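Can you make the complete structure from the sequences, with help from the hints?
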Amino acid sequence: MEEEKITGLPENASRELREGEEYKPLLSPDKNYPEVNMRTVLLGLLMAVLFSAAAAYLGLKIGQVFEAAIPIAIIAVGLSSAGKRKNALGENVIIQSIGASSGVVVAGAIFTLPALYILQAKYPEITVSFMQVFLSSLLGGVLGILFLIPFRKFFVSDMHGKYPFPEATATTQVLVSGEKGGDQAKPLIMAGIIGGLYDFIVATFGTWAETFTSRVIPFGTELADKAKVVFKVNVGAAVLGLGYIVGLKYAAIICAGSLLIWFGIVPLLPLLSDSLLHTLNPSFTGVLSDLTPEVIFTTFARHIGIGGIAMAGLIGIYKSRGIIASAIGLASKEFKGKGNVISAEVKRTQRDLSMKIIVIGVILALITTFIFFFVGVVNFNLLYAVVGILVVAIIAFLFTTVAANAIAIVGTNPVSGMTLMTLILASVVMVAVGLKGTEGMVAALIIGGVVCTALSMAGGFITDLKIGYWIGTTPAKQETWKFLGTLVSAATVGGVIMILNKTYGFTGEGALVAPQANAMAAVIEPLMSGVGAPWFLYAIGALISIVLSYFGVPALAFALGMFIPLELNTPLVVGGAISWYVSTRSKDKALNTARQEKGTLLASGFIAGGALMGVVSASIRFGGINVINTLWTESAGAEWLGLVMYGAIIGYLVWDSMRAKVEKK
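Okay, so the sequence shown: first residue is 615 according to our numbering, each after it adds one.
These aren't lab readings, by the way, just hints derived from the structure by calculation.
Predicted model, so just to flag it, every value in this text is computed and none were measured.
Each computed DMTMM-like pair below joins lysine to aspartate or glutamate, with the alpha-carbon atoms no more than 25 Å apart:
1) 840 - 908
2) 863 - 1202
3) 645 - 966
4) 840 - 888
5) 961 - 633
6) 1275 - 1211
Now the in silico label distances, taken between C-beta atoms and shown as ranges:
7) 903 - 776: 51 to 57 Å
8) 1116 - 696: 34 to 40 Å
9) 1008 - 1161: 26 to 32 Å
10) 1112 - 982: 21 to 27 Å
11) 1198 - 903: 41 to 47 Å
Positions of the beta carbon are idealized from the N, C-alpha and C atoms, including for glycine.
Okay, here's the thing in structure tokens:
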């Protein structure tokens, strides 16, 4: 095939179309291009394995799963450029689409399934197997793909220009720039090496402390002990990069939620009476004034964040009711008219998997999920299995549009909030039909894992399909091969979670934070063990979300900040501030944009390099090699050195971003 000159996306790619105007993708709908072949499938699967491992480690460590699409797209572009492949744009989209299964499957798995290990530490009778983790992730991912496909045309075509699709925009620009011949991979590789080595040295050797705290000075220690006020910041490269990509606006909102909890609620709680504290959390026994700020946060304050997330998810469904109705109508029309449409007459760029395949696929997936529940979760109890599959089917379908809508607008999937609400609902329903105790905990978490992965997949997959729409690939091919990427990612994340549990664990000193999974465990345990749940704390969080939504503040971001530890929220603001700084220093808008994009590549490198080397470090410790000097790592000197190194990595990010130049056309 003759090589076609790619000059960039059409002018009307991101705006609403005028009456009678048509969007024409880069790859002509009337021609066929290289898309799926042995190379693209193998590279896509390799990316799925690597980034599943990296994302699982980082997500369990800090509670945030990075978007794998951009780094994978850059690697795909770099490899095709190095191999001097012609017309590789369609191939790179498929590589990215298969590989990006990693991030979304990981998000679904790590937000829920590590809670099984967390509860197992308290209830040894709970058993956790690889098949439970694997099947929960796989079946949830498959349902997410199938439920989303009928909504594809609504989100990517009918609503053209009405949604910004930030993640899809960034990834598409990387792919297009690579096809134009832009050397996009070098900054990512260099930042990946620097960020990877930086985090590897901390995780493997403990050369400096991973977190800088106000306890490093005597007054700070006294303030933490008496007033229950402490400040913390994680000095890792990966978290800094994550903050850069999140941006200052959302980082500030997330951190504001954290500051309210740590500097407002936590110091206030010890002033309340013991009876009132017991009312707020019936499972609490003890004297609150004797506890550290961290324990007060875990025991009480974090539940406010849980309530806020659950309500934010509910508000999201209500706001999306029109989208659900419209998309169902669109899918229904296509299903009714499908038999009258000759496949060859449908343009290549508009071909989805047939509605017959989707309906059969959904039925088979739900039957398989039911068998999994019946045999592997509820010990052959028919009633419990039926209730479980109904919860999964109804909630996963309804929340699909919420997840896709969130990604389309802000690039952030509120899957954790929706999953928390799923867990609460599933627990209440399961208890009502008689399933309680540890068996009920496992059942509710498995249900939550399937739903969480389905929603995560739906949100992430709409990004892939929008990329394909802009570039002009075949949707049916993306949809078909996404299943294989999901299978490989589910198997990888199952293995990684088991390794990380044996290496670090999710409870106790030095354990991985796994904030979402800890939140899930905190929700499940009181509901299933007969102890009253902290409903008052949930209600406070729900009220905060309602008030924030009324005033137009993103409630989900604020609520996430309320239950993620402070040290993991403050670096988001640092990264976001850097992003704002490098993109506003010049009066030349094009130069600001170039600096912003260069910084995005560097931040992606920090994230990918830091996370991948984190997995390497975990593997070394899993092999029995531990060379960390705990006495030094926990000292004030290690914290001060960590702050110095943090300044150095910040300086590099700013300096290299500011070196960007406007590309001459």
